[in-house]
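Each protein sequence line maps, in turn, to chains A and B.
The working numbering puts the first residue of the first sequence at 1, with every later residue one more than the last.
The working numbering puts the first residue of the second sequence at 1, with every later residue one more than the last.
A portion of the hints provided could be inaccurate.
Claimed, not checked - Below, a sample of chain B positions facing chain A; criterion: calculated Cβ distance under 10 angstroms: (1) Leu-11; (2) Arg-40; (3) Val-77.
Claimed, not checked - Covered, in the sense of this in silico footprint (three residues per stretch, anywhere, with C-beta under 8 angstroms from a C-beta of chain B), are these stretches of chain A: (4) 20-28; (5) 145-158.
Unchecked claim - Cβ-to-Cβ under 8 angstroms is the rule here; a few derived chain B residues that face chain A: (6) Glu-6; (7) Arg-10; (8) Leu-14.
Calculated from the structure, these hints are not laboratory results.
The C-beta atom is built at its ideal place from N, Cα and C for all residues, glycine as well.
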Amino acid sequence: MPVRKAISTANKQLMTLTPETLPRHELNGLPVRVVESTDASRVGLEGRVVIETTNTLSVEIREGGDTRVVTVPKSGSVFEFAITDDAADAAKASGTTSKLADTQPDSSTADESDRAGDDIASCRGDGPTDHRHAAGENVAYVTVDGSRLLSRPARRTETNGDSPWQ
Amino acid sequence: MDVAAERIDRLEELARAATIDGDDERAKYYVQLARRIAERNRLEFPRSFERFTCDRCDAYLRPGDNARVRLQNGHVVISCDCGAHARYPYDE
Ligand SMILES: [Zn+2]
């Protein structure tokens, strides 16, 4: 019988989604913006990741009352993800994925405060580029080259990291 | 809590939200992805997730929406819209 690791609820407060772990973490549900792409028409797309495949991210974009889903290839694109300290709690509270898009902070108005410096210092150099705007809501913007995310979604957690099964 | 366990927790929330939105296909995708992460990392599903997903079709189950919950002497029967039943005991 395999050793089973029970998922502890006691540690739930410990948020492991950080700029360093983001390439290994769940991308579905995160607010995202395409900052660079080999296809110019995709640059600036902004929404929420709803489906991930090995080679693509599908982004749900809200325009007015409508939503549309655009599939963006990982390779050839640079993504900026917004992560908050309570991203998971926000998902719980609002109930629906489409409403989540409303809570996405407007990155263009986020001011770059001096507090960002402390956080950057704690990041590893080999991690994703980390633009932290301490905009009062503890939002971190993490820029990741899509080629770093090329992996089967379920395997990404092991491939880049500290898995004992290498 | 490690990344894999937290991914499973987040996928549970996403699956629930998608089901509330009526997007059952997307909910199944989240449940299937969570199952795959759990088996690859040898994690148990949290009980709330285990009990409210269908073993046959991977639907995320919401009682009154796409699942029936009935009590029968000593056990709970939860039935998915696909026809699968799951049973577990309860204490009075
Ligand atoms: Zn079913």
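Cross-check of the supplied hints:
{"no.": "1", "hint": "Leu-11", "result": "6 angstroms, holds"}
{"no.": "2", "hint": "Arg-40", "result": "6 angstroms, holds"}
{"no.": "3", "hint": "Val-77", "result": "26 angstroms, violated"}
{"no.": "4", "hint": "20-28", "result": "holds (count 5)"}
{"no.": "5", "hint": "145-158", "result": "holds (count 5)"}
{"no.": "6", "hint": "Glu-6", "result": "5 angstroms, holds"}
{"no.": "7", "hint": "Arg-10", "result": "5 angstroms, holds"}
{"no.": "8", "hint": "Leu-14", "result": "5 angstroms, holds"}
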